[in-house]
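**Student:** Spelled out, the chains give:
Protein chains: 2
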Amino acid sequence: MDLPSRILQEAVDQLATLPGVGKRSALRYALHLMKEDEQHVRDLSEAIMHLKTHLHHCRYCHNVSDTEVCPICSSEKRQRGIVCVVENVQDVMAIENTQQYRGLYHVLGGVISPIDGIGVHDLEIASLLRRIETGDPAPVEEVVLALPTTMEGDTTNYYLNRQLQPLGVRVTTLARGVAVGDSLEYTDEITLGRSILHRIPFEG
Amino acid sequence: MDLPSRILQEAVDQLATLPGVGKRSALRYALHLMKEDEQHVRDLSEAIMHLKTHLHHCRYCHNVSDTEVCPICSSEKRQRGIVCVVENVQDVMAIENTQQYRGLYHVLGGVISPIDGIGVHDLEIASLLRRIETGDPAPVEEVVLALPTTMEGDTTNYYLNRQLQPLGVRVTTLARGVAVGDSLEYTDEITLGRSILHRIPFEG
Numbered sequence: 640m641d642l643p644s645r646i647l648q649e650a651v652d653q654l655a656t657l658p659g660v661g662k663r664s665a666l667r668y669a670l671h672l673m674k675e676d677e678q679h680v681r682d683l684s685e686a687i688m689h690l691k692t693h694l695h696h697c698r699y700c701h702n703v704s705d706t707e708v709c710p711i712c713s714s715e716k717r718q719r720g721i722v723c724v725v726e727n728v729q730d731v732m733a734i735e736n737t738q739q740y741r742g743l744y745h746v747l748g749g750v751i752s753p754i755d756g757i758g759v760h761d762l763e764i765a766s767l768l769r770r771i772e773t774g775d776p777a778p779v780e781e782v783v784l785a786l787p788t789t790m791e792g793d794t795t796n797y798y799l800n801r802q803l804q805p806l807g808v809r810v811t812t813l814a815r816g817v818a819v820g821d822s823l824e825y826t827d828e829i830t831l832g833r834s835i836l837h838r839i840p841f842e843g
Numbered sequence: 640m641d642l643p644s645r646i647l648q649e650a651v652d653q654l655a656t657l658p659g660v661g662k663r664s665a666l667r668y669a670l671h672l673m674k675e676d677e678q679h680v681r682d683l684s685e686a687i688m689h690l691k692t693h694l695h696h697c698r699y700c701h702n703v704s705d706t707e708v709c710p711i712c713s714s715e716k717r718q719r720g721i722v723c724v725v726e727n728v729q730d731v732m733a734i735e736n737t738q739q740y741r742g743l744y745h746v747l748g749g750v751i752s753p754i755d756g757i758g759v760h761d762l763e764i765a766s767l768l769r770r771i772e773t774g775d776p777a778p779v780e781e782v783v784l785a786l787p788t789t790m791e792g793d794t795t796n797y798y799l800n801r802q803l804q805p806l807g808v809r810v811t812t813l814a815r816g817v818a819v820g821d822s823l824e825y826t827d828e829i830t831l832g833r834s835i836l837h838r839i840p841f842e843g
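Chains as they are written, first to last, in our numbering: chain A, 640 to 843; chain B, 640 to 843.
Note that these hints are calculated values from the structure, not bench results. You may find that some hints are simply not true.
Each pair may be met inside one copy or between any two copies, as identical chains are not told apart.
With a Cα cut of at most 20 Å, we get these calculated SDA-like pairs of lysine to any residue [to be verified]:
#1 K674 to D652
#2 K674 to H689
#3 K691 to E677
#4 K662 to L831
With these hints in hand, go ahead and build the complete structure from the sequences.
**Tutor:** Here is the structure:
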């Protein structure tokens, strides 16, 4: 695409680096911004920059935070003995949205994936073990593994379990089964098989 | 969506003002940018700001431009007696991409649309008439109306034609007909009807 302006071209090239944004969408964004008033564009420009300059990761759980220790890790109202291990920040938000979990979190920043060159030392695993060993910010009784059910997630689960067992914490994982609202007919057999195997008492 | 950080929230809110971007995409963009290196994020942030601070509109055709007069309007290689009237900057790019047009342009910045509150004075119509009256940047012999075939486009065409006729310029418009590659069976009847009515000599 030949653009009539170098400045527009630069903005389009930059916007097209966002995930899932092609040159055509980037151009639409750029032309839209051109028409917006300057203050709004300045606000957007600064908000983006602040993501790098002002945003922190919590010292303990590595979730994004405006402060050195995030509100969850510093809250006395949470069950501070339970730590839920998740892949990324979105997963924390997803679990928080259920309002069913009152413990703390630990964001690994990925899962072990030799194909993508992501090993044990690229993830926040050492800091998880240190949390348990030092009891800082709180003594840990239970670690809930809430990683994706993929080969990489399973590998990471397996590795973490082996590291955690000697530390004397209880290791649990998310229940797998037929999703609420799903019909059995269209549930994949592995999920259905697991849900029969791990059947639970009926709550009448 | 409850975000764990005010700074992240601000970035998501700002990104979600882009056309067609919802909160979920905005969050994906923001989390992506968080992981990028600072120089890249700074480049993006500045490129966006430059759209307001550094980008101009050509004094004559109102296309976007890095300079006061755009490269097309200042080129002596173009057919400077022909002016193609289009709705917006994207239309200029679309026509330029065909490499079939060597004249100049005039970007109206929209079409007459009473429902959206866009009237004659919100568009670059007076400046088009002035270009013809003054012969600046070049004497105009022909005006090609290349507006969309919508009610608003037709209204604008009609209005422009009435203004242009007294000025003694030739007014033409884009050929309408069956698109190249389309089968007659699936062409809408208005298009097919027009293409029979305005049939052209066969080029053997």
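**Student:** If a hint holds in the structure, say so; if it does not, say that too.
**Tutor:** Quick rundown of the hints versus the structure:
no. : hint         : result
1   : K674 to D652 : both (19 Å within a copy, 18 Å between copies)
2   : K674 to H689 : between (23 Å within a copy, 13 Å between copies)
3   : K691 to E677 : between (22 Å within a copy, 6 Å between copies)
4   : K662 to L831 : neither (43 Å within a copy, 33 Å between copies)
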